[in-house]
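> One letter stands for each residue in the lines below.
Number of protein chains: 2
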Amino acid sequence: MQSINELWQRYTAFKAMDLSMNMSRGVPSPEQLTLSQEMLVNLATANDCRTDGIDCRSYGLLTGIPAAKRLFSEMLCVNSDNIIIGGNSSLNMMFDAISRAWCFGILGSTPWGRLSEVKFLCPVPGYDRHFAICELFGIKMINVDMTPEGPDMNRVEELVSSDPAIKGIWCVPKYSNPDGTTYSDETVRRFARLKPAAPDFRIFWDDAYCMHDLYEEGDKLLDLQSECEKAGNPDIAYIFGSTSKISFPGSGVAAFASSERNIRDAERIISKQTIGPDKLNQLRHVRFYRDINGVKAHMRAHAALIRPKFEAAIEVLRREFADCPEAANWTEPRGGYFISLNTADGCAGRAFDLAAEAGVKLTNVGATFPYRRDPRDRNIRIAPTYPSVDEVRTAIELLSVCIKIAYCEKNC
Amino acid sequence: MQSINELWQRYTAFKAMDLSMNMSRGVPSPEQLTLSQEMLVNLATANDCRTDGIDCRSYGLLTGIPAAKRLFSEMLCVNSDNIIIGGNSSLNMMFDAISRAWCFGILGSTPWGRLSEVKFLCPVPGYDRHFAICELFGIKMINVDMTPEGPDMNRVEELVSSDPAIKGIWCVPKYSNPDGTTYSDETVRRFARLKPAAPDFRIFWDDAYCMHDLYEEGDKLLDLQSECEKAGNPDIAYIFGSTSKISFPGSGVAAFASSERNIRDAERIISKQTIGPDKLNQLRHVRFYRDINGVKAHMRAHAALIRPKFEAAIEVLRREFADCPEAANWTEPRGGYFISLNTADGCAGRAFDLAAEAGVKLTNVGATFPYRRDPRDRNIRIAPTYPSVDEVRTAIELLSVCIKIAYCEKNC
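Protein sequence lines correspond, in order, to chains A and B.
Residue 301 in this note's numbering is what sits at position 301 of the first sequence, and the numbering runs on without skipping anything.
Residue 348 in this note's numbering is what sits at position 348 of the second sequence, and the numbering runs on without skipping anything.
Straight-line C-alpha distance at most 20 Å; calculated SDA-like pairs for lysine to any residue:
no., chain 1, residue 1, chain 2, residue 2
1, A, K272, B, R129
2, B, K272, A, G366
3, A, K272, B, G366
4, B, K220, B, S184
5, B, K15, B, S3
6, A, K272, B, N364
7, B, K272, A, F137
8, B, K140, A, I269
9, A, K272, B, R373
10, A, K272, B, R100
11, A, K272, B, T363
12, A, K140, B, K272
13, A, K272, B, R25
14, B, K272, A, A132
15, B, K272, A, F369
16, A, K15, A, T394
17, B, K272, A, R372
18, B, K272, A, D128
19, B, K361, A, Y59
20, A, K140, B, P111
21, A, K195, A, I142
22, A, K195, A, S226
23, B, K272, A, S24
24, B, K272, A, G138
25, B, K272, A, M141
26, B, K272, A, I133
27, B, K272, A, R25
28, B, K272, A, E135
29, A, K272, B, D128
30, B, K272, A, R100
31, A, K195, A, D163
32, B, K140, B, P164
33, B, K119, B, D163
Computed footprint of chain B on chain A, listed as stretches where at least three residues anywhere in the stretch have a Cβ under 8 Å from a Cβ of chain B:
no., segment
34, 20 to 33
35, 84 to 97
36, 100 to 114
37, 120 to 133
38, 248 to 256
39, 261 to 275
FYI, nobody ran anything at the bench for these hints, they're computed from the structure.
This one's a predicted model, so the numbers in the text were calculated from it and none came from an experiment.
Ideal placement from N, C-alpha and C gives every residue a C-beta, glycine not left out.
Sequences and hints are given; from them, build the entire structure.
Spelled out as structure tokens, the structure:
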């Protein structure tokens with residue numbers, strides 16, 4: 001490794017560059033958004049607004065237009081009868097699923113809000129907005145370590161089967177946030193075969209990156225709902241997806257899929273909550289992508305824009321840490337939106353602060369853990385999609401220097 | 001009145017016409033929707049999608065774009081700082097307001113879901129979807145009669161001040177659903193001066209028809225939030241509005257306005273529920289209407305389409321009941337979406353059935369009351385906007401015959 005003096009010199013040079021970069025969230029670049037621009041003008045006439053005999057400008061169709069259900073059915077590998085299309089946010093649909101369980105229970109169970117304790121399992125590192133929902137409701141979060149195959153299933157099985165207060169687990173099963181891990185077939189099967197102590201335990205399966213391959217040959221995720229049905233466990237999974245990182249993050253379409261019983265249970269409540277989601281926006285998407293092959297072609301265009309950014313980041317990391325592998329390791333995902341980097345224990349916070357001081361804002365350290373506490377102070381989530389390739393190179397080089405300084409301060 | 005034989009003859013002639021009409025809901029006609037068609041193509045380029053320095057295609061702005069807040073601030077007469085823009089449905093925002101109170105309480109109060117009893121006051125006749133939310137949550141509904149000035153405020157004051165289990169009241173203060181009544185200034189002031197036994201009592205002020213004048217000179221509704229502030233009661237009102245019946249019922253924009261404290265209280269929770277609503281749809285609306293004057297001009301075009309339908313309905317009713325005023329009376333609203341008709345007691349259900357048998361589906365009798373029970377079996381809500389003028393005439397003539405038959409069967 002370079003000496004600490006050399007590292008400080010490099011750091012000072014970065015500071016002199018007066019950088020101002022925000023890499024804190026997984027945000028598509030403007031070039032990615034413009035790929036979908038035509039979608040915004042494809043409903044010109046009243047006739048364009050009709051599909052399946054419905055005037056999409058008006059009220060009706062509580063759970064979405066059939067054409068949108070067909071598209072999500074292909075994306076999420078679920079039966080199109082058992083899908084509820086929502087508004088623009090799958091996060092909102094997850095929140096509402098918990099809120100419904102809180103107020104009304106699930107399939108006749110006691111409303112969670114009347115229980116003395118509710119717990120969720122949280123594979124870590126994970127997605128901060130999942131954890132924020134739990135924290136708001138006062139749901140106690142239990143960390144479960146991620147492995148290269150997905151969450152540590154021995155631990156998941158042990159906890160879920162023994163504690164009836166455990167009502168759920170958060171999963172991002174494909175290109176997980178932030179590790180980029182795709183759950184192995186065996187992991188998916190073990191999820192499907194879970195025997196929870198709580199009959200109203202649900203797997204919250206946030207398939208946010210189902211279409212987000214960076215390479216022609218993408219990871220393959222086993223279809224959870226089919227496995228659950230095979231295992232005689234049809235009601236255990238809630239599956240969520242959206243086009244937030246396919247079309248527009250602010251104006252995409254979200255969906256919730258599950259067993260017929262779960263969907264009817266949710267519909268009973270949603271039918272009092274709304275007359276239905278924005279059908280014109282569903283129709284825009286359907287007209288623009290046509291079908292799953294249209295989405296795949298579109299995602300290849302996304303990949304062409306963002307793959308060089310992932311590769312640039314990884315190239316810099318490999319180079320910077322070639323002579324000091326003890327200071328950091330990272331994931332090299334084949335899809336999704338993040339690279340997950342682990343410093344040596346106790347160095348992430350310091351590296352984050354140094355990078356921020358030099359003008360590069362990363363995801364808050366700790367954000368990838370429940371209660372914003374990374375017990376080993378080591379995980380840093382890198383979101384390379386928004387900046388340019390050159391900016392990514394600069395930011396990751398700076399970050400590497402910061403990590404090495406933090407490492408030296410502690411260990412040299 | 002005609003003899004019952006003559007009435008049956010007329011009824012039989014209607015049946016022979018093989019009518020098939022659905023007048024059950026307040027739905028804009030396709031011609032009304034087409035007035036906003038251009039809104040669907042006004043965001044063609046990436047640059048069109050920018051406003052106030054924001055790329056509306058991407059994440060961010062939890063509570064909506066400033067330009068949309070300005071527009072709703074003018075429509076709802078509230079401070080634009082204290083508005084949350086939502087998705088496409090104000091009903092959804094009302095449901096969520098109750099759901100938040102249920103799970104988290106209001107400004108630190110006990111969550112309603114932990115209380116042994118929660119009650120709401122329901123001015124009757126009223127809006128079925130308000131009542132359906134209460135029924136779902138198990139909130140006990142108490143009827144309060146409507147008067148020509150709005151709800152019976154003596155009764156409201158008496159109940160609200162004496163019972164801490166009463167947590168809310170549903171109001172449609174302008175062109176009320178279904179009566180078309182606009183609350184008088186004195187009614188609004190008495191609302192603002194309420195002294196509820198429950199500190200977390202809220203007025204749910206559904207200002208759905210704030211812009212929906214049928215005539216050049218519209219009813220004037222006093223601004224509730226200002227009156228509440230003057231009365232030292234700033235936190236008592238939740239105000240809701242939407243463009244559902246201005247632009248597109250399925251794809252409009254909804255808003256929630258209240259005091260600063262209430263809005264911050266809601267934001268704390270909403271910030272965990274979503275990253276923000278569909279900003280492109282907000283921007284479409286802002287670009288299309290520009291400001292309140294644009295909305296007013298647009299609503300004059302709506303009025304030109306639907307006023308003849310209201311007038312046709314009223315003309316037929318006046319003619320049909322000229323010689324038997326004891327059989328029915330009705331409201332003659334100057335705005336909104338409905339005519340509210342009261343038959344003599346005990347005749348509404350029978351008239352509804354007869355009309356349905358002849359091919360005209362009206363709003364279910366009882367729907368305008370909590371638990372779908374009209375204690376006097378007399379209220380029929382007429383929704384004249386969707387059918388053509390000729391269809392309205394036919395339907396109302398048929399309905400009149402059905403009411404007179406029902407009246408004769410009971411009273412002649």
